[in-house]
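Chemist: Protein chains in written order, with the numbering used here: chain C, 1 to 330; chain B, 1 to 330; chain Y, 1 to 330.
Just so you know, these hints were derived from the structure itself, not from any lab. Incorrect hints may appear among the rest.
What the hints assert, rightly or not - So, partial list: chain C residues that the calculated Cβ filter (under 7 Å) puts toward chain Y:
(1) Glu53
(2) Val55
(3) Ile96
(4) Ile98
(5) Val101
(6) Gly109
(7) Thr118
(8) Cys121
(9) Arg215
(10) Tyr263
Unchecked claim - Chain C stretches covered by chain B per the calculated footprint, using a threshold of three residues with CB under 8 Å from any CB of chain B:
(11) 58-70
(12) 177-187
(13) 312-325
Note that beta-carbon positions come from the ideal geometry of N, C-alpha and C, so glycine has one too.
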Amino acid sequence: MTAFVPPVRQDNPYLPFGDHRNAPFYGKDILSVRQFSRQDLDYIFGVAHEMREMVQRVGTFDLLKGKILANLFYEPSTRTSSSFTSAMERLGGSVIPINEVRYSSVSKGESLPDTVRTLECYADVIVLRHPEVGASALAAKYAKKPIINAGDGVGEHPTQALLDLFTILEELGQVDGLTVTMLGDLKYGRTVHSLARLLALFRVKVNYVSPDILRMPPEIIAELKELGLPQDEYLTLDDVLPTTDVLYVTRVQKERFEDPQAYESVKNAFIITTETMRRARERMIVMHPLPRVGEIAMEVDEDPRAAYFRQMEYGLYVRMALLAMVLGKA
Amino acid sequence: MTAFVPPVRQDNPYLPFGDHRNAPFYGKDILSVRQFSRQDLDYIFGVAHEMREMVQRVGTFDLLKGKILANLFYEPSTRTSSSFTSAMERLGGSVIPINEVRYSSVSKGESLPDTVRTLECYADVIVLRHPEVGASALAAKYAKKPIINAGDGVGEHPTQALLDLFTILEELGQVDGLTVTMLGDLKYGRTVHSLARLLALFRVKVNYVSPDILRMPPEIIAELKELGLPQDEYLTLDDVLPTTDVLYVTRVQKERFEDPQAYESVKNAFIITTETMRRARERMIVMHPLPRVGEIAMEVDEDPRAAYFRQMEYGLYVRMALLAMVLGKA
Amino acid sequence: MTAFVPPVRQDNPYLPFGDHRNAPFYGKDILSVRQFSRQDLDYIFGVAHEMREMVQRVGTFDLLKGKILANLFYEPSTRTSSSFTSAMERLGGSVIPINEVRYSSVSKGESLPDTVRTLECYADVIVLRHPEVGASALAAKYAKKPIINAGDGVGEHPTQALLDLFTILEELGQVDGLTVTMLGDLKYGRTVHSLARLLALFRVKVNYVSPDILRMPPEIIAELKELGLPQDEYLTLDDVLPTTDVLYVTRVQKERFEDPQAYESVKNAFIITTETMRRARERMIVMHPLPRVGEIAMEVDEDPRAAYFRQMEYGLYVRMALLAMVLGKA
Numbered sequence: 001m002t003a004f005v006p007p008v009r010q011d012n013p014y015l016p017f018g019d020h021r022n023a024p025f026y027g028k029d030i031l032s033v034r035q036f037s038r039q040d041l042d043y044i045f046g047v048a049h050e051m052r053e054m055v056q057r058v059g060t061f062d063l064l065k066g067k068i069l070a071n072l073f074y075e076p077s078t079r080t081s082s083s084f085t086s087a088m089e090r091l092g093g094s095v096i097p098i099n100e101v102r103y104s105s106v107s108k109g110e111s112l113p114d115t116v117r118t119l120e121c122y123a124d125v126i127v128l129r130h131p132e133v134g135a136s137a138l139a140a141k142y143a144k145k146p147i148i149n150a151g152d153g154v155g156e157h158p159t160q161a162l163l164d165l166f167t168i169l170e171e172l173g174q175v176d177g178l179t180v181t182m183l184g185d186l187k188y189g190r191t192v193h194s195l196a197r198l199l200a201l202f203r204v205k206v207n208y209v210s211p212d213i214l215r216m217p218p219e220i221i222a223e224l225k226e227l228g229l230p231q232d233e234y235l236t237l238d239d240v241l242p243t244t245d246v247l248y249v250t251r252v253q254k255e256r257f258e259d260p261q262a263y264e265s266v267k268n269a270f271i272i273t274t275e276t277m278r279r280a281r282e283r284m285i286v287m288h289p290l291p292r293v294g295e296i297a298m299e300v301d302e303d304p305r306a307a308y309f310r311q312m313e314y315g316l317y318v319r320m321a322l323l324a325m326v327l328g329k330a
Numbered sequence: 001m002t003a004f005v006p007p008v009r010q011d012n013p014y015l016p017f018g019d020h021r022n023a024p025f026y027g028k029d030i031l032s033v034r035q036f037s038r039q040d041l042d043y044i045f046g047v048a049h050e051m052r053e054m055v056q057r058v059g060t061f062d063l064l065k066g067k068i069l070a071n072l073f074y075e076p077s078t079r080t081s082s083s084f085t086s087a088m089e090r091l092g093g094s095v096i097p098i099n100e101v102r103y104s105s106v107s108k109g110e111s112l113p114d115t116v117r118t119l120e121c122y123a124d125v126i127v128l129r130h131p132e133v134g135a136s137a138l139a140a141k142y143a144k145k146p147i148i149n150a151g152d153g154v155g156e157h158p159t160q161a162l163l164d165l166f167t168i169l170e171e172l173g174q175v176d177g178l179t180v181t182m183l184g185d186l187k188y189g190r191t192v193h194s195l196a197r198l199l200a201l202f203r204v205k206v207n208y209v210s211p212d213i214l215r216m217p218p219e220i221i222a223e224l225k226e227l228g229l230p231q232d233e234y235l236t237l238d239d240v241l242p243t244t245d246v247l248y249v250t251r252v253q254k255e256r257f258e259d260p261q262a263y264e265s266v267k268n269a270f271i272i273t274t275e276t277m278r279r280a281r282e283r284m285i286v287m288h289p290l291p292r293v294g295e296i297a298m299e300v301d302e303d304p305r306a307a308y309f310r311q312m313e314y315g316l317y318v319r320m321a322l323l324a325m326v327l328g329k330a
Numbered sequence: 001m002t003a004f005v006p007p008v009r010q011d012n013p014y015l016p017f018g019d020h021r022n023a024p025f026y027g028k029d030i031l032s033v034r035q036f037s038r039q040d041l042d043y044i045f046g047v048a049h050e051m052r053e054m055v056q057r058v059g060t061f062d063l064l065k066g067k068i069l070a071n072l073f074y075e076p077s078t079r080t081s082s083s084f085t086s087a088m089e090r091l092g093g094s095v096i097p098i099n100e101v102r103y104s105s106v107s108k109g110e111s112l113p114d115t116v117r118t119l120e121c122y123a124d125v126i127v128l129r130h131p132e133v134g135a136s137a138l139a140a141k142y143a144k145k146p147i148i149n150a151g152d153g154v155g156e157h158p159t160q161a162l163l164d165l166f167t168i169l170e171e172l173g174q175v176d177g178l179t180v181t182m183l184g185d186l187k188y189g190r191t192v193h194s195l196a197r198l199l200a201l202f203r204v205k206v207n208y209v210s211p212d213i214l215r216m217p218p219e220i221i222a223e224l225k226e227l228g229l230p231q232d233e234y235l236t237l238d239d240v241l242p243t244t245d246v247l248y249v250t251r252v253q254k255e256r257f258e259d260p261q262a263y264e265s266v267k268n269a270f271i272i273t274t275e276t277m278r279r280a281r282e283r284m285i286v287m288h289p290l291p292r293v294g295e296i297a298m299e300v301d302e303d304p305r306a307a308y309f310r311q312m313e314y315g316l317y318v319r320m321a322l323l324a325m326v327l328g329k330a
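Full structure from sequences and hints, please.
Modeler: If you want it as structure tokens, here you go:
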């Protein structure tokens, strides 16, 4: 057989020319907000901020050229899936999109450990969305390549919490000293639980505003109190709105109420309108994990304090940072 | 934190080194055939022809390297979706494929404006296929990034009409002076309606051949007459075949007929065979938007005048041209 | 119109600067294991070995930069689809993923020949997975671009057989002189049929171990005998295990048995445990096409002789080799 000599790229990112393999998070999994120290967050957000500047300057760059992401979604999530795909592509890497696992090997009964051990033969990093709590930890136990948890059931969705916090930091310049008000369904929303856990690493004041049946779970309040986070609960936004720096809105779902009347009687108190904004601080920001279904009126979109679409963009930078970090390139 | 310096590409397409931002269509939406002047078409087809030459010479080139297309399909369309994906990849760009919107955020009730405002955080241009008329215009109203309409219900599918016209131009060298015969279901086919509107910008003669119940809608005939397009209607192909330069075939669906007998009595008159081709001009071309289901016999595929597969290829060049144009690179 | 001059890459892979167009398999289809000679296999595995070394050295390289693969899956197969996607991306090429054909043009009744003739307008090579026997041959008959069969019903899955054989070669250094024992469902498993056909090109001894109702079909045994392959049949693994070099395990499905009791009575004889491994050769390897559902206990994964996950990785290299070869770059 004739010798086969494929062209080798000059800027070969695989040769250990730098010291990036000693960098924090190289080869690590991103499974839970509980794994991060305050110092970790400073590092992640520093890299994410650099990503933001690079994207704004050059759009895309070849930091992860030649690297492959397996985007493994056991349940559909257009937003999260697109965000990771874009993050990898803006870093010059490639993506294996896997959206149909429910029809495939898995429906033939394959275990998650076998699936990830197969996929890591093809990819350098695996992003996993799964309906079951603990799926990411299980995958990480068996995989040699890094696993990034993109949501496992009612469990964790750490990259969402990180992007939420990064949004606050980029929009308001700091986190320490702020008052964050969480509004809506605080019982079932994993988003607010994870964000609150991260906020406990900062010097902030947190307000919970929710219908009585959707209050922040007592065990989470207790856990955060232990960590020294000042927290207060309210049934309406009125008292806390004037002192709020960050208004984090979540959806109050009709289905959560046994009595439709009970829902009707409270729902208007949890919808943000231009009237709400009139009573809010001039530098307050409104956040929402999206999708929204009516809990923020579309008229609010024009208000410069409406940060929820910018929040999506910050998510891109955080995910770029995480991908670069676990692949040892940041 | 240590300074983070990602490599910057030398051929950075994001810095405004040229005057391409003054180019026609830069940052514009492609929503409807009605938005194009004759001069616009000359420009688009000029760029599309250059794309054809480049693809034939080098296959792929890096004109849109670093740019990202969100390919947002609310209903499946392998042909159109693959064509846009290939167009972006042949220009060195990347694609976020989004085919499962019906299972996703959207099924949680998210509005189209919210979905496109999220996706434009991740992508540089959005191609949208949607089952509802006017969806693309709605998306374009809210998006800051360019929207390309890839079909909105029974409404518009402008890139199909452009590729149809480009096929005629490339195959026959000109459009002015030709006789174009449209055959089959002229009532429900948005393809022929859009093509007829574009043809009205040229000096052509148009024949409509269809079963009586599937005639070109009178309001469209009136609209085109206003624009000065010479049009005639026929029930059979026989009279017009010998003078036809372009035979545009569409499918006559059995389901359109209340009476199965009525369908049986006409169907053969709308099937193209080698016998039909024998009576046609030597330089005539046969077109079809595809998929076909029997309305052109497979034996015709061997005839050099069968242009319908080449038509798919011209679609690639037109879509490459449009992507490059709206992104300011052509 | 102003002149339009897109940048041309210096390392243009489309100009015929080398003699690769005379290379074996350039422009050819990969349809069946029956198409390969012993010499062909030597060539393919030589290229695949180079691919392995390149991936281990540099991860990804630009041998197929600018080339596009249409990954056309009429039925889902995460493993095979991801493997081909990764193979193309590790070679610097792009992929058009087409997973929803069942909802699309095809459901409108389009024929396979029309679909592939459309897709080859957009892509340089088509990988096809289809539920019907002979689909790949039909596609290849009409397509001008190379077709790679990624499984057609109970017919062929040639790249699986090639990767199986490549695994043996890479793990054990040779194929000639080995004893290969196939275990489990040998009646319905196309994998073992194809592998046995390839093994007939080497000097090997093959043992078939299966429940009586799942024996290797007599016509295949006869065909291979004709080719001079030494074959023996057994009902249990006990006798042949000590002399086995390659243990190829497949799944025994409960549904194949009319009598549930019959299944219960045999199933344990076809499950591999650490106890089985204790009685096996020190250099034996265990293979499995995956997914597995219990036929190899998870405890065996730790054994260095468990080669089934490495087998997935060898599949990547074989598919990289095939893509490079049919595109004339190896």
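Chemist: For a quick check of understanding: which of the numbered hints are violated here, in increasing order?
Modeler: Hints 1, 2, 9, 10, 12 contradicted; others consistent.
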